[in-house]
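A.B. asks: Counted the way my numbering counts, the sequence shown spans residues 1 to 103.
Worth flagging that the hints you see were computed from the coordinates, not collected in a lab. Each residue gets a CB set at the ideal place from its N, CA and C atoms; glycine is no exception. Worth double-checking, as some hints may not be accurate.
Now the in silico label distances, taken between C-beta atoms and shown as ranges [claimed, not checked]:
1. 13 x 89: 20 to 26 Å
2. 84 x 33: 32 to 38 Å
3. 1 x 88: 33 to 39 Å
4. 101 x 80: 30 to 36 Å
5. 97 x 60: 19 to 25 Å
6. 86 x 2: 19 to 25 Å
7. 85 x 36: 28 to 34 Å
8. 5 x 28: 17 to 23 Å
9. 97 x 73: 29 to 35 Å
10. 97 x 75: 24 to 30 Å
11. 95 x 67: 26 to 32 Å
12. 69 x 93: 27 to 33 Å
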Amino acid sequence: MKIVRVHYTTTPEFASINQANIAGIVKELKELNHPGIKYGCWLLPDGKTFMHFDQLENEAAHEVLTSLASFKKFDTELWASNLEIEPVLDLLSPVASTEEFWG
1 MKIVRVHYTT
11 TPEFASINQA
21 NIAGIVKELK
31 ELNHPGIKYG
41 CWLLPDGKTF
51 MHFDQLENEA
61 AHEVLTSLAS
71 FKKFDTELWA
81 SNLEIEPVLD
91 LLSPVASTEE
101 FWG
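Take the sequences, apply the hints, and build the full model.
C.D. replies: Have a look at this one:
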């Protein structure tokens, strides 16, 4: 299992574009319906800081996510957007949860 948390801050002007790009990823993931990918993103109260939380069955599932056309569009536009704070990626280890994960 691979659990990834990513957080970064966009410019106020790019935040809505970023939200639309993230919605594109979610749409493509829902269509794909891959059982080994759980993906979510939250916007912090400042309206420009994003936190992604990905729960992936294995590295292959992570590769599926990052190979999506919508993810590539999101990634390219994000890095070209003059971020206020660049992405920080944390690999997390589970301790306890009310939800079942892959073993």
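A.B. asks: Next, verify each hint and record whether it holds.
C.D. replies: A quick look at each hint next to the structure:
Our hint of 20 to 26 Å for residue 13 and residue 89 holds, since their Cβ atoms are close to 24 Å apart. The beta-carbon spacing between residue 84 and residue 33, approximately 35 Å, falls within the hinted interval of 32 to 38 Å. Between residue 1 and residue 88, the C-beta spacing of about 21 Å breaks the proposed range 33 to 39 Å. As the Cβ distance of residue 101 to residue 80 is approximately 34 Å, the hint placing it in 30 to 36 Å holds.
Restraint check, residue 97 to residue 60: a C-beta distance of roughly 22 Å satisfies the suggested window 19 to 25 Å. At about 21 Å, the CB distance of residue 86 to residue 2 agrees with the hint of 19 to 25 Å. Checked against the hint of 28 to 34 Å, the C-beta distance between residue 85 and residue 36 comes to roughly 30 Å, which is consistent with it. Evaluation of the 17 to 23 Å hint for residue 5 and residue 28 yields a pass: the beta carbon distance comes to about 21 Å.
One distance hint, 29 to 35 Å for the beta-carbon pair residue 97 and residue 73, holds here, with the actual separation near 31 Å. Under the hint 24 to 30 Å, the C-beta atoms of residue 97 and residue 75, about 28 Å apart, fit the expected range. The hinted window of 26 to 32 Å between residue 95 and residue 67 holds, with their beta carbons roughly 30 Å apart. Hint check: residue 69 to residue 93, Cβ distance near 31 Å, so the stated range 27 to 33 Å holds.
Hint violations for this structure: number 3 only, all remaining hints satisfied.
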